[in-house]
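Using the hints, position chains E and S against chain X.
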Amino acid sequence: MSDNHDDGVLLDVRNLNVSYGGNPAVIGMNLTVRAGQITGLIGESGSGKSTIGMAAMGLLPGYARVEADRFTVAGRDVLGLSDAEWRPLRGAVVSMVFQEPLSALNPTMTIGRQIALALRNHHTVPADAVRDETIALLRKVRLPDPERRIGQYPHQLSGGQLQRVVIAMALAGRPELLIADEPTTALDVTVQARILELFRAIADDTGIGILFISHDLGVISRIADRVTVMLNGVAVQSGPTNDVLHGRQHPYTKALLAALPGSVPPRQPLRVLPDFLTRGENQS
Amino acid sequence: MSVASEDFILDTIPQRIEPSSKRGTRRMNVSLIAGFAIIGLLLVAGIVAGFHPPYDPYATGDDPFAAPSAAHWLGTDNLGRDFASRLILSLRTDVLLSLSTCLLAALFGAVIGLTAGYFGGIWDAVSMRVVDGVLAIPGILIALLIRVILGAGSWQLVLAMAVIYTPMMARVMRAPALQLRTREYVAAARIAGIPSWRTVSTHILFNSLSPMLVQAASIASNAVAMEAALSYLGQGIQPPQPSAGRMVFEYQMYMQTDPLLVIAPTVLIVLLSFGWNLIADGFQTYFSLSESDRL
Amino acid sequence: MTDRGVTGDERDDAGGVTLRIPALARYCAARVGSSIVELFVLSLIVFLAIRLIPGDPAAGFFSANQSPTAEQIAQIHAKLGLDKPWYVQYWVWLAGVLHGDFGESITTPFPVGAQIAQRFPYSLELALMATLFALIIGIPFGLISGAKKGRVADVIIRGLSFVLISLPPFLVAIALLLWNSRTAKYRLIGVISFAENPLGNLQLMALPALILGLGFGAYVSRYTRSSLVDDLERPYVRTLRAIGTSDRQIAVISMRNALIPVTTVVAVELASLIGGTVIIEQVFSIPGMGSFLIESIKRSDYPSVQGAIFVIGAVYVVLNLLVDLLYPLIDPRVKVVNA
Chain X
1 MSDNHDDGVL LDVRNLNVSY GGNPAVIGMN LTVRAGQITG LIGESGSGKS TIGMAAMGLL
61 PGYARVEADR FTVAGRDVLG LSDAEWRPLR GAVVSMVFQE PLSALNPTMT IGRQIALALR
121 NHHTVPADAV RDETIALLRK VRLPDPERRI GQYPHQLSGG QLQRVVIAMA LAGRPELLIA
181 DEPTTALDVT VQARILELFR AIADDTGIGI LFISHDLGVI SRIADRVTVM LNGVAVQSGP
241 TNDVLHGRQH PYTKALLAAL PGSVPPRQPL RVLPDFLTRG ENQS
Chain E
1 MSVASEDFIL DTIPQRIEPS SKRGTRRMNV SLIAGFAIIG LLLVAGIVAG FHPPYDPYAT
61 GDDPFAAPSA AHWLGTDNLG RDFASRLILS LRTDVLLSLS TCLLAALFGA VIGLTAGYFG
121 GIWDAVSMRV VDGVLAIPGI LIALLIRVIL GAGSWQLVLA MAVIYTPMMA RVMRAPALQL
181 RTREYVAAAR IAGIPSWRTV STHILFNSLS PMLVQAASIA SNAVAMEAAL SYLGQGIQPP
241 QPSAGRMVFE YQMYMQTDPL LVIAPTVLIV LLSFGWNLIA DGFQTYFSLS ESDRL
Chain S
1 MTDRGVTGDE RDDAGGVTLR IPALARYCAA RVGSSIVELF VLSLIVFLAI RLIPGDPAAG
61 FFSANQSPTA EQIAQIHAKL GLDKPWYVQY WVWLAGVLHG DFGESITTPF PVGAQIAQRF
121 PYSLELALMA TLFALIIGIP FGLISGAKKG RVADVIIRGL SFVLISLPPF LVAIALLLWN
181 SRTAKYRLIG VISFAENPLG NLQLMALPAL ILGLGFGAYV SRYTRSSLVD DLERPYVRTL
241 RAIGTSDRQI AVISMRNALI PVTTVVAVEL ASLIGGTVII EQVFSIPGMG SFLIESIKRS
301 DYPSVQGAIF VIGAVYVVLN LLVDLLYPLI DPRVKVVNA
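Chains as they are written, first to last, in UniProt numbering: chain X, 1 to 284; chain E, 1 to 295; chain S, 1 to 339.
Only chain X is shown next, with the shape it has when bound in the complex:
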């Protein structure tokens, strides 16, 4: 296991199967995330991509059944860990950023106290340095005026500012792997671009490996080094982003690309994604 870690492999998943009460959600999944690299995971809702993110955090509900030939996070075998065994890993080894920044934060706690909580969980810094470290973290995620922000409540910040706070919280425990589950979906386009730049900078500057989950091929194509395309719980194509976008393609990937607005000449109707869910059903 540790040999993989030395290669900089932070997430190594081989033949992962997840099911909820007998209903399979993820089937035979293979996935790798390396240090300093952003791996994109794309698929429509219900394709199982979020299940993989939650599995890598040990946050799947109790009734979920997880099986794999290999499932390591930063070189540690995490298959079958109990909730108590997961806790020291969460935040310190692997951390997560969620879709909706306002609801992802506690409305009745100041920004500063929420980040401080993340710092204290793993004793990242000595108690008397928590405030300074909080401000440093907010600087790192490029939140303007951090000294004032730490005394404010979530409802006083905009969506983009809040997402920076959530990212700061995720980074507070100095994790090696970051799972970003649709982190820009709730934001408007200009804010989205800045948050994407921030993720890129985090991967480049700190060497953190990022698993970037999205349904938006446009977002993935701008940020990811590698892409895995998911359909109905199965990875249908995987490879370097450039190869996936411009090389040989699985029919589903081709359909996804054709549906992008930029692929259609101006004043032509946009192409509609054929319903692969129904087609799969018809074949059965």
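Wrong hints could be hidden among the right ones.
To be verified - Listing some non-contacts, in silico: residues in chain S with all C-beta distances to chain E over 12 angstroms:
#, residue
1, Leu-80
2, Tyr-87
3, Ile-116
4, Phe-133
5, Glu-196
6, Ile-294
7, Ile-309
To be verified - Which bits of chain E does chain S cover? Going by a derived footprint, with three or more residues having C-beta under 8 angstroms, they are:
#, region
8, 143-157
9, 221-231
10, 248-256
11, 269-276
Said to hold, decoys possible - From the structure, some residues in chain S lie toward chain E, with a derived Cβ separation under 7 angstroms:
#, residue
12, Ala-49
13, Ser-166
14, Gly-275
15, Ile-279
16, Val-305
Think of the hints as simulated: they come from the structure by calculation, not from any bench. All C-beta atoms in this analysis are idealised placements derived from N, C-alpha and C, irrespective of residue type, glycine included.
Chains E and S alone, transformed into the frame defined by chain X:
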């Protein structure tokens, strides 16, 4: 594992995952069954036996405070009246009072709430202000005020309780009507030219039935307690007609010598209130409604 | 999507610190204003309701075998102000009430205001003590029940609170009196003046207050539980878990949030608490506002009934206002309700 082997393209299209679980099945729960059993039993006992009590419940006898015997199952009261017969009669009174209150409140509340939610506008604004106003006054004050104006008695009591509980039903019924108004099938009915009263009565009433049932059972339970309290204060049911609350009031001075006279009607009130509350709770679970759907 | 809408990244905080104080002041002013309107409407309803009673109030001044002359009746009407139109009578009564003058009782030699002043403290003590018991009992049990959802403790607490909600408090009181009457071990009935014997006063008041507080506390517990269960399902809890926060610490953080809406249930349940005091006072022979009201109804002493109902209703309006004014202190998000 080499990097190249991580790259792949599948040459098939994966099948859609079919969920195997059967969702949306509603099961009877313990609360609902127990509640229906208690209330059903008391209802039948009160109505059937209430019209054919073993003795005339008003006939006084010359053997006061008799112990339970074969002739008098629960003994006699301070005036020698058959206690079992009086208890059965008071059960009938209580059952009928709580049922009629609950039906009146459900009827008026549903009409006010559904029309307010469906039509909106001035009617909604005015009726909901009145509803909030009445809800803001402690129920017992309304009941005592009506008693002062109209005098004490059964129909005054039913009227007072209908005034107290109608706003609760109206509030609960308005929310689903408001929500349903925006649904496609209601709009479709409107476009198809179906009169609005029919839309309200079929689509909306049917869909509002679950919160209505929960609230109605809850009102019945409250009505039992309210009737008992008012009669205990001497301001509800008037003598010689017995009701459980009235009996507790009348017999409490003999509590030390003949505790059964107080215990039996107390048990009756508790069973009725408990039974209705079980039904309310059972419906709430059955329809998977949250605490906030109830008032 | 957020309800605030996520627009420009560096957009400054609308509704931020600078707006906080005026918004709060506006909220308080609006709330006080609407309470004054409520009190006004209450006084009008009570006044008009009493006017609807059939019969002549002057009858209370004569015994059944007297046959007063028209002159005598007119004299009494003039004394009671009944010869003036109703709105003048209302204004005179309201002006008096504002100065603590509730008029003359027609069956006792004491003015209504003096009787209310004497009885009011007992009812207030009972209601406040009951609320205190309800919170002391209801909140911890509700929190335990919510944090241990589905476990044995939760099932027991929910079962208990269900039983307590279904039990009319006056029946619990009578059952206790019945049990005590067998041994006559404790004095449970009546009151002791607080000025003469503070400890004795509190001791005697504790049982009626506890009985009232149990039912109220069951509601508080039930609501606290569902509030905590809802809060623990909110997305921020997942964020806390994702940074390695322990379940115990998450529970502590969530409890704070869960208690905010509990103030609402306290406000809603105040109405039934006031109803409860009227009855409990009767059971325990406490000479409070409830007993005063019932006695006055029995004697058809309408000026007293009018005064008692108005004061009990007014207490409810004022307590409700206090709960609402406390709300912004508990919740850091400024809650400005658009009236």
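Item to check | Cβ separation check - Tyr-87(S) to all of chain E, threshold 12 angstroms | outcome: holds (20 angstroms)
Next on the checklist: For the restraint on Gly-275(S), tell me whether the closest CB of chain E is nearer than 7 angstroms.
Outcome noted: holds (4 angstroms)
Item to check | Satisfaction of the Ser-166(S) interface hint, Cβ to chain E closer than 7 angstroms | outcome: holds (4 angstroms)
Item to check | Restraint outcome when Ile-279(S) is required to lie within 7 angstroms of chain E by C-beta distance | outcome: Status holds, d = 5 angstroms.
Item to check | Coverage of the region 269-276 of chain E by chain S, judged on three or more residues with CB within 8 angstroms | outcome: holds (count 4)
Checklist entry - Ile-294(S): least C-beta distance to chain E exceeds 12 angstroms? => result violated (5 angstroms)
Item to check | Exclusion check [Ile-116(S) not at the chain E interface, CB over 12 angstroms] | outcome: The assertion about Ile-116(S) holds, with a minimum of 15 angstroms to chain E.
Checklist entry - How about the region 221-231 of chain E: do at least three of its residues have a C-beta closer than 8 angstroms to a C-beta of chain S? => result holds (count 4)
Checklist entry - Non-interface claim for Ile-309(S): all C-beta distances to chain E beyond 12 angstroms? => result violated (6 angstroms)
Next on the checklist: Quick check on the hint: Val-305(S) CB to chain E CB, less than 7 angstroms?
Outcome noted: holds (6 angstroms)
Next on the checklist: Verify this label for me: Phe-133(S) is non-interface relative to chain E, using a Cβ-Cβ cutoff of 12 angstroms.
Outcome noted: The claim stands: Phe-133(S) keeps its Cβ more than 12 angstroms from every Cβ of chain E (closest is about 19 angstroms).
Next on the checklist: Using Cβ atoms and 12 angstroms as the threshold, tell me whether Glu-196(S) really stays out of contact range of chain E.
Outcome noted: Non-interface label on Glu-196(S) holds, nearest chain E Cβ at 29 angstroms vs cutoff 12 angstroms.
When held up to the earlier numbered hints, the structure conflicts with 6, 7 and fits the remainder.
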